[in-house]
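Enquirer: Model the full assembly from the supplied sequences, consistent with the hints where possible.
Listed below, chain by chain, are the residues.
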Amino acid sequence: MQTNVIINGTQRRLELDPRTTLLDALRHHLGLSGSKKGCDHGQCGACTVMVNGRRINACLTLACMHDGDEVTTIEGIGQPGNLSALQEAFVSEDGFQCGYCTPGQICSATAMLEEIRNEWPSHVTDDLVGGAELTNEEISERMSGNLCRCSAYPNIVEAIRKAAGKGA
Amino acid sequence: MTEQFKMDAPATERRLDDMAQGLVGAPLDRPEGALKVTGTATYANEWQIEGMVHGVMVRAPGNSGRVVLSNREAVAKMPGVLSVIQDDRLLRNPAQGTANKAPVQGAQHATYLGQLIAIVVAESFEQARHAAQALKVTLENGEMVPVDPATAAVEPQEDQTLDQGNLDGAMSEAKHSVDVVYTTPSHSSSPMEPHASIASWEGEDLTLRASYQMLKYNRNELADSLRIHPDRVRIISPYVGGGFGSKLGLAPEAVAAAIAAKELGRPVSVALHRQQVYEATMRRSETRQRLRLAADSDGRLSGFGHDARVSNLPGETFAEPVLQASHFLYAGANRKMSLELARLHRLCAGSVRAPGEAVGVTVVENAMDELAHEVGIDPVELRLRNIPEKDPESVKDYSSRRFREALQSGAEIFGWAKRPGVKERRDGEWLIGYGMASAARINALMESQARVTLLPDGTARVETDMTDIGTGTYAILGQIAGDMLGLPRDKVDVILGDTNLPPAAGSGGSWGASSSGTSVYIACEAIRRQLADRLDVNEHDLMLKDARATYANQTKALTDVLQGDEIAKLGHVLPGETSDAVRQATFGAYFAEVAVHAASGETRVRRMHGSFAAGRILNAKTARSQCLGGMTFGIGMALTEELTFDPRDGHVVNHNLAEYHIPVNADVPQLTVELLEERDDWASPLQAKGIGELGICGAAAAITNAIYNATGVRVRNYPATLDKVIVGL
Ligand code: FES
Ligand code: FES
Chain A
1 MQTNVIINGT QRRLELDPRT TLLDALRHHL GLSGSKKGCD HGQCGACTVM
51 VNGRRINACL TLACMHDGDE VTTIEGIGQP GNLSALQEAF VSEDGFQCGY
101 CTPGQICSAT AMLEEIRNEW PSHVTDDLVG GAELTNEEIS ERMSGNLCRC
151 SAYPNIVEAI RKAAGKGA
Chain B
1 MTEQFKMDAP ATERRLDDMA QGLVGAPLDR PEGALKVTGT ATYANEWQIE
51 GMVHGVMVRA PGNSGRVVLS NREAVAKMPG VLSVIQDDRL LRNPAQGTAN
101 KAPVQGAQHA TYLGQLIAIV VAESFEQARH AAQALKVTLE NGEMVPVDPA
151 TAAVEPQEDQ TLDQGNLDGA MSEAKHSVDV VYTTPSHSSS PMEPHASIAS
201 WEGEDLTLRA SYQMLKYNRN ELADSLRIHP DRVRIISPYV GGGFGSKLGL
251 APEAVAAAIA AKELGRPVSV ALHRQQVYEA TMRRSETRQR LRLAADSDGR
301 LSGFGHDARV SNLPGETFAE PVLQASHFLY AGANRKMSLE LARLHRLCAG
351 SVRAPGEAVG VTVVENAMDE LAHEVGIDPV ELRLRNIPEK DPESVKDYSS
401 RRFREALQSG AEIFGWAKRP GVKERRDGEW LIGYGMASAA RINALMESQA
451 RVTLLPDGTA RVETDMTDIG TGTYAILGQI AGDMLGLPRD KVDVILGDTN
501 LPPAAGSGGS WGASSSGTSV YIACEAIRRQ LADRLDVNEH DLMLKDARAT
551 YANQTKALTD VLQGDEIAKL GHVLPGETSD AVRQATFGAY FAEVAVHAAS
601 GETRVRRMHG SFAAGRILNA KTARSQCLGG MTFGIGMALT EELTFDPRDG
651 HVVNHNLAEY HIPVNADVPQ LTVELLEERD DWASPLQAKG IGELGICGAA
701 AAITNAIYNA TGVRVRNYPA TLDKVIVGL
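The listed protein sequences derive, respectively, from chains A and B. Per our numbering, residue 1 is the first one in the first sequence, and the count goes up by one each step. Per our numbering, residue 1 is the first one in the second sequence, and the count goes up by one each step.
These are calculated hints, taken from the structure and not from any lab test. For every residue, glycine included, the Cβ atom is placed at its ideal position computed from N, Cα and C. Be a bit skeptical, because a hint or two may be false.
Claimed, not checked - Which stretches of chain A does chain B cover? Using the computed rule of at least three CB atoms under 8 Å from a CB of chain B, they are:
#1 14-23
#2 26-36
#3 43-54
#4 71-83
#5 99-110
#6 148-155
Expert: In structure tokens form, the structure reads like this:
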């Protein structure tokens, strides 16, 4: 089945088994293994990518459902030698250990900061309108779809604060 | 050239203190960080190999009986399917850590529900998954087998039995005593990267790209499983997406991939799916623990009793070493301990982060909290009064032990003095409580090798089959070599995770950093001697810094000393007499503040602090992260983590990350960690001990003790879920 997707700014034509998830399309067919598979069931967030600017679990969607969509993966966010502010902050704050959840955390955080800028409330936001401060509580709440068994959570929160302070 | 070193005497020279480069201990970033944050570090299931096909494993639907694949021919004809393999070499369960040989094998009979008994291989992952789901597995002539540890037959572990003095007498004479039973459930390591292997053969030579913690053992386990010579096996594992014990020993997917790849003559990739990780890798055994503490009116212990029951599959010798730290943590002249192993048909029990202490110290620390309330003294004070002068059983001295300082300093940092009385503090709908617990974990040095090469251009290369499972190996080995050879961190290249490199101790048991670090240190010392020879000075008079050698009032660039040569040395460390001469362990203390909802019984951890002493800290940043990770495992253990087994057939009911509740970001406050300055000359020439597991060894008790302080409710069956708290509110 043919699908045309814009991945990290480049138009890609995919000819895939319709059962192929977006995650497996990236990992097995496009050589983009930065997106990780932790559960394949939408339970861990390791596969988080952005589709048309919004974060989603790439394991929970089929590649063929994304004809014409713009997909941003960790490879599109920054590369060694050209790190995004968030990626840099994850390194300096040790926002990871094994690194397996990390691309998902960073994709998720990138989109999350945009959600805050757009004044989307979360479960812990006091008022549904008017936006939210970037408190530890807000960050933790909004990042809780991304599991980290190495439990770098306190450092992930620090990294996000640091990068956000630099306008990430 | 090999430099061998055996740890037979304390290393009082503390040479790392004198090195000029100043790398060891510094909170340096991980050198592989840029790869990990950009998704360019390659994990096991991410190698793209020409002609690779995909295998998906299939499980037994019951816990007993002969396996029958009733529609095997039909499945073999499904689109893309290349083979349906049921082979007697498939592993019944993973190898235990450091087993060094094949575990029980066989795919003809089921022993537990979830056992992986076949593999279906197809051109694509989607085809293989579909075919694996279509394969009908039935079991014939099954029997009723025990699945419940409370009723299964037990085997006393005689070598774990201790009877010193008269505990019964001490209990009856004690002014204050505690006699309590606690239970802890089974836990899952749940690394974020599922177990995965890609096998490819070239003739009779097998290469396995996989995710393992201890490659030199895994290589032998794989060779033994396949009945081939270990020289034929290479395992590559540069990045491991977490292990926490579950990747210590070879797991079923590795052997399945190797068998399938051989049969098909093509590389085969096999990744366990998340449910299979839960059902067919390792669990921490559930425990039932009875603690008996006898104390005088001041809370000084006269008796200490610890009896535990754990479980495992038939044929497995591993019994969760629950009593490990009970032998040396606290005083008490009259001591009694025992461990028994129930035989049952649940998935294999093995090492999960800090086997033994994670659950053993936790329950000891709950019992100590109960005793502190009996006696009516501050729980910190109770611990301080019971720090033994010498090991209470062997009467050996301790190596370094800043246990007292950790308790006192941790209490100070946390603000323990402001702790409320039981059920005394309230914040709106939330009941607030403080709790504390001690931390303790045994320390070990293991055989390990590394090659260090000083290159003509004044850079160095460190090579060993040691792994970095998130523990910081890439960082610390470069820091040790950089300090010893006087090179900035970025002039040292660290290459890990390949059995073609010198065999290391592996990542596990908290011994990885000190053991592999020592092998690097030994190799570097030999290189220093050779440099000194070239300069005709005593090695101890040679100062190396920023790739320059300073000696006898002269300075020379290393490149000039080397004059186009390279110097390569193999460092080889062996444990020696210091292992037994003294009691070696790491210590610490945890402090937690919880809020328990007065109506629902929900517990939130508001603050948590840990103070730890583990010898020399090799990298303050990665060591702290290890402690954060351990403490978070403690939060999970205290509040949510529990493998649930179906009482009818023993299968794991909550076999996924939605139902086995590991802590999420919102469950974990901004934990704080203090690493106490310490040197342990008995542990290694680095004066470093292990820190990877210390953070979990008692952590959960600080939280459950805080729940008691907040609510007056003692939850003695972990985890402290709301249903158990609310009944007492
Ligand atoms: S792999 Fe997609 S959420 Fe876990
Ligand atoms: S860094 Fe290992 S799971 Fe997050």
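Enquirer: None of the hints should be skipped; say for each whether it holds.
Expert: Tested hints:
Three residues within the 8 Å Cβ limit are the bar, and the segment 14-23 of chain A against chain B gives 3, so the coverage statement holds. For the segment 26-36 of chain A, the assignment as covered by chain B holds, since 8 residues bring a beta-carbon within under 8 Å of that chain's beta-carbons and 3 suffice. Chain B is given as covering the segment 43-54 of chain A, and this holds because 3 residues of the stretch bring a CB closer than 8 Å to a CB of that chain, at least three being needed. A count of 9 residues in the segment 71-83 of chain A with a Cβ less than 8 Å from any Cβ of chain B is obtained; the coverage claim is therefore met, three being the minimum.
Here's how the segment 99-110 of chain A fares: 6 of its residues keep a CB closer than 8 Å to some CB of chain B, so the rule of at least three is met and the hint holds. Beta-carbon proximity to chain B at under 8 Å applies to 8 residues in the segment 148-155 of chain A; the threshold of 3 is reached and the given coverage holds.
Violated hints for the displayed structure: none, as all numbered hints are satisfied.
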